[in-house]
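Novice: My request is simple: use the sequences and hints to build the entire structure.
As given, the protein sequences belong to chains A and B, one line each in that order.
Here the first sequence is numbered in numbering that gives the first Met the number 0, starting from 0 and rising by one per residue.
Here the second sequence is numbered in numbering that gives the first Met the number 0, starting from 0 and rising by one per residue.
If you are wondering where the hints come from, they were derived from the structure by calculation, not from laboratory data.
Note that the coordinates shown come from a computational prediction; the quantities given were computed from them, not determined experimentally.
For each residue, glycine too, the CB sits at the ideal point set by N, CA and C.
Only some residues are given here: those of chain B computed to face chain A with a beta carbon under 7 Å:
#1 Met59
#2 Leu128
#3 Glu131
#4 Gly145
#5 Thr146
#6 Arg147
#7 Met150
#8 Leu161
#9 Phe162
#10 Ala165
#11 Leu168
#12 Phe169
#13 Phe172
#14 Gln176
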Amino acid sequence: MSAGLILAALLVPLLGGAAMLVHPLRDRGPRETWVMAITLITSILTVMLVTGGPREALELLTIYPGLTFAFRVDGLGRVFLAIVAVLWPITILYSFEYMSHEHGENRFFAFFTMTYAVVLGIACAGNTFTLYFCYELLTLCTLPLVMHEMDGKARYAGRKYILYSMTGAALAFAAMVFLYHYGSLDFTLGGSLDADKVRGHEDLLRSAFLLGFFGFGVKAAVWPAHGWLPSASVAPTPVSALLHAVAVVNSGIFAILRITYCNFGAALLRGSFAQMVMMAFPCFTIVFGSAMSWRIQHLKRRLAYSTVSNLSYILLGASVLSSAGLQAALLHMAAHSVFKIMLFFCAGAVLCQSGREYIFELPGMGRRMPVTFAAFALASLGLIGIPPFAGFFSKWALAGAAAAMDSPMGVVGCVALIVSAFLTGLYQVMVIVPAFFPTQDQRSQVRANEAVSEAGWRMKLAFVLLALLALAISFAVAPLSGVLGDIAIGRL
Amino acid sequence: MYSILVLLAVLLPVVSGICMGLIRTAHSRNILFVEALGVTLACTAIAAALGTGMAGAVDMGVFAFRLGADPISHLFAILFALLFLCAGVFSLEYNLHDKNQGRFNAFFLLTLGAMMGLSYSQNLFTFYLFYECMTLMSMPLVFHEGTRESMKAALQYLGYSLFGAALVLFGFFYAGQFCENTNFIAGGSFSAAGQAHLPMALAAAFCLMLGFACKAGMVPLQQWLPVAHPVAPAPASAVLSACITKAGVLGILRSACYVFGADVLRGTWVQTAMTVLALITVFSGSMLAYRERLLKRRLAWSTVSQVSYVLYGLFQFSAAGFAGALLQAVFHAVSKTALFLFAGAVIHQSGKTRVNELTGLGKRMPVVYGCFAFASLSLVGIPPFAGFVSKWKLAVGGLETFGPMGVAGAAILLISAILTAGYLFPILIHGCTEDGDFDRPLEPGWKMRLPLLVLALALLGLGLFTAPLSGVADAAASIFQEVIS
Chain A
0 MSAGLILAAL
10 LVPLLGGAAM
20 LVHPLRDRGP
30 RETWVMAITL
40 ITSILTVMLV
50 TGGPREALEL
60 LTIYPGLTFA
70 FRVDGLGRVF
80 LAIVAVLWPI
90 TILYSFEYMS
100 HEHGENRFFA
110 FFTMTYAVVL
120 GIACAGNTFT
130 LYFCYELLTL
140 CTLPLVMHEM
150 DGKARYAGRK
160 YILYSMTGAA
170 LAFAAMVFLY
180 HYGSLDFTLG
190 GSLDADKVRG
200 HEDLLRSAFL
210 LGFFGFGVKA
220 AVWPAHGWLP
230 SASVAPTPVS
240 ALLHAVAVVN
250 SGIFAILRIT
260 YCNFGAALLR
270 GSFAQMVMMA
280 FPCFTIVFGS
290 AMSWRIQHLK
300 RRLAYSTVSN
310 LSYILLGASV
320 LSSAGLQAAL
330 LHMAAHSVFK
340 IMLFFCAGAV
350 LCQSGREYIF
360 ELPGMGRRMP
370 VTFAAFALAS
380 LGLIGIPPFA
390 GFFSKWALAG
400 AAAAMDSPMG
410 VVGCVALIVS
420 AFLTGLYQVM
430 VIVPAFFPTQ
440 DQRSQVRANE
450 AVSEAGWRMK
460 LAFVLLALLA
470 LAISFAVAPL
480 SGVLGDIAIG
490 RL
Chain B
0 MYSILVLLAV
10 LLPVVSGICM
20 GLIRTAHSRN
30 ILFVEALGVT
40 LACTAIAAAL
50 GTGMAGAVDM
60 GVFAFRLGAD
70 PISHLFAILF
80 ALLFLCAGVF
90 SLEYNLHDKN
100 QGRFNAFFLL
110 TLGAMMGLSY
120 SQNLFTFYLF
130 YECMTLMSMP
140 LVFHEGTRES
150 MKAALQYLGY
160 SLFGAALVLF
170 GFFYAGQFCE
180 NTNFIAGGSF
190 SAAGQAHLPM
200 ALAAAFCLML
210 GFACKAGMVP
220 LQQWLPVAHP
230 VAPAPASAVL
240 SACITKAGVL
250 GILRSACYVF
260 GADVLRGTWV
270 QTAMTVLALI
280 TVFSGSMLAY
290 RERLLKRRLA
300 WSTVSQVSYV
310 LYGLFQFSAA
320 GFAGALLQAV
330 FHAVSKTALF
340 LFAGAVIHQS
350 GKTRVNELTG
360 LGKRMPVVYG
370 CFAFASLSLV
380 GIPPFAGFVS
390 KWKLAVGGLE
400 TFGPMGVAGA
410 AILLISAILT
420 AGYLFPILIH
430 GCTEDGDFDR
440 PLEPGWKMRL
450 PLLVLALALL
460 GLGLFTAPLS
470 GVADAAASIF
480 QEVIS
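Specialist: Structural data, given as C-alpha cells:
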C-alpha cells in the first residue's frame, strides 16, 4: 500500500505538470482548476504518507548492483514531506493571483507542479543515489522558473544558479563514490559505512564527507557558495518564496542531514576536524548572511540573505551531531519555512500591487496594505525570535544543543546565533517601522504610495492561512518538538 | 481574586491600548486612557494588599509562562502604574493638539502592559518576553514626533536595546544550562553543573547583567539615553527615564539575586567589573549632565548617573545595599518623572529647550518651578526629601561591607551629589531670582500641574515618613539575607 502511495504521490504532479506542457491550457479558469486539483491531490497523498504506518520501500529499478532507484518514507523524510505538503497548496493559491500579472503562466505552472514531484522524490528518496538523481533533476526543473522573466538579469541568475548547482552536484557525486566504495548508499540512521573497510581510512572518509557537505551545501547556500540565492530573487515571488526559502534550499539541508546521519554517521564525524569545519562555515554564514541582509535595501534580496543566514542555523544544529541538535535543526527548518514564506509573499504582494522593490520606497505602505504588512510584522516577530513565537524556541533549542557540546566551537555557535538574532531584529524592524510610521521628510513618498491598494482575496487568504499556521506551530511547539525529538533518536 | 487582579493589571493596559485604535473621538479615547491607567494602578495596589504568590502559569513545553508576585514585583508594579498615570494625565494636555494622540496613547498603554508583565514575571522566559515587547512597544513613543531626527534616535534606541537583548539571550541560554531552572527563586538556583563550569557561568552572568544594564543606561551601553530623550515627547521621556531604565534594573536584580544567586557572584570578577562600571557611570553621567546645555539631554545624563547608583547598591550583594538600591530606584523614578514633566511643561508653555534660555521663567510659572525645586532637592539628596534616605543607605552599606570599593563608592557618590546640585540648582536660581523676557503668566493647566504636584508632595512625604517604604525595602532585603546566611 505504502509503495503504491509513494508512486502515486510522485506521478500525479509529474504527469499533471508534463501534461500542461504537452497540451497547454490557455484559459485561466480551467488551468487554475487543474493545477489546484493536482496540487491538492498530491498534498493529500503526501499527508497520507506522513501519517501512514508501514514503511514499505518502493524499488523501481536497479541499474547496477548497489545503485537502485528506491523510495521510502522515514522520520526525517516525514518532516520534509509535511512542510512541503502544507505550504505547496498555499503557494499555489497565492501564485494564481501573483502570476495573473505576469506572462507565460502555463509554462510556469507546468514546471512548478513538476517541481512538486521532484521535491517529494528528494524527501522520499531511499538511498543516496536516488537522492542525488532527484537533486540534479530539481536543478533542471526549477531552472525555467528562475529564468521565467527571460530578461538579462533573469538569464544571468539562471546561469549562475545552474553553474553553482552543477558544481555542487559534482562534489556530492565524488562523496557518493567514496560511500559506494566503503559501504553502501542505503540510508541507515547511524551510518551505512562498512566498519571493516573504513578502518584505517577514517580521515579519508571525513574528507569525502566534507566534499559532500559542500556539494549539497550549495543548495543550502553555505558561504562561499551562497551567491546564487540572492541573484535568484529575480524569479517571480512564488518561486522565491516556496523554492528559495523552503523547498529547494531545504533539499540542500535535507541532503546534508541524510549524508551526515544516515550515510557517514555521526559517530565517524563527532569530535573530528570534519565536525569543526562543518560548524565553522555555518557559524560564519549565519553572521555574514544577517550582516548582508542588514546592508541591502532591495527587499527580496534582503530576505534572500536572511534565508542564507537562517539555513545555516539549521546546519549549525545538524553539525552538533547530537539528537538534541538534530531535533533543534528540524524545528528551525519547520519554523523558518513558515515565517520566511510569509515574508516573501508580503514582498511579492507589494511588488505586485505597486511595483516597489526597495525598502526606502515603502513609507506609508502599512496604511495602504494593512493585511500584507500585518502579516509581515507577524512573520518578522517570528523570525526575530520574540517569544512566544516558534522562532524563539527553535533558536533556543539550537543554542542549547550547541552549548551542550561543551567545546569552544559550541560557544562560537551560540555567539553567532546571538549576533545574528540581534541583526535580524534590526533588519526586520527597519522594514516595518517606515511602512507604518513614516517620518515627516518621507511625505512625498507617502503621497506617491497613496494610490496603492491592498492585495486581492487570494493573497489575503494565503496570508491568513499562513498566519494561522505560524500561530499553530508557535503554540504547539511542545508536542511538535516532542515528535521531532522522537524522529531525531530514530523512533519514527 | 488576587490572581485575577494580577492578570488584569497586565491585560487591561494591553487590551485598552489595542482598543485605542478603534475609538474615533479624541474625548472618549482620553477617558478610556485615563481610566485604564487608573484601574491598572488600583489593581496593582489591591493585589499588593492581598499578598504574594503565583497568579498563573501556562506550561509551554520547555518553558513555562509564569506570572505572580513577590514584594519586589508589587513594589515595581505600583511604582510603574503610578508614574504612568501621572505622565499619562500630563500627556493629555501636552499632546492636546497632536493629531497622532491616539497612537501615542495606544503605545503608552501597551508599554505599560509590558512593564506590568515584567514586574509580575516569575521566570526568566516570561521576563525576556515582556522585555522584548517593552522595547518594541516603547519605540513608537520615541519617534512620535515623526521627524527624521526622532526616527534616527528611535533606531538607535532599538539597536542598543536589541544588542542588550542579545546579550541577555546569551546569558539566558547559559543560565538555562547552569541553573536548576530559571524561575525566580530568592537566592537563585545555581547547580552543580554550573559549579563545574564556573568561568563560563560567570561570563554568562556577566553577559546577562550587562545586557539588562543597557536599558539601565550603564557604561558602555548608555548612549541611547541622551539621544532618545530630547526627541521624544516629554511624557514619553519621563517614562523612558523613570520606568524603562528601572526595567533594566529589575532584570539585573532578578538575574543576579534570583537566578544565579548573589552567593555565586560575590567576590568574583563579575562583581568587581560591574561595580567599577556602575561607579564610572555615576561619575561620568553627572559630569556630562553638568556640561550639557539642552534641558532634556541634561536630565537624560542625570538619569544615566542616578540609575547607576541603584546598580552600585545592587552589586554590593548585601542587605543594606539591596534595600538602598530599592529605595533609590523608587525615589529616582519619582523625582525623574517630576523633572521630565517639568521639562515638558517648560517646553510646552515657553517653547524653550535650552537651559540658558530659561532665565526668569520661574516667576511666570511658580507652581511648576516649586515642584521642580522639590524634585531637585530630592535628586541631590538633601533631607528631608526622599533621595537623602536612599543615598545614605547606599553609601553606608558600601562602607560597611564593601571594603576599598565601598570607600571609593562613597566618595564618588558624594562628588556626584555635588555635581547634581551643580546641574539642577542653577536652573532654579536663574529661573526664580532673575528677570527674563517672559512677560505674561505661563502657568500650564491643571492636567499638567496636578501630576507635578502629586509627585512633588510624594517626594516630600516619602522623605518625612520613610518608615513604611524602608520597611518594605528591608523586608525584601531580609529575604535576601536569610537565604545568604
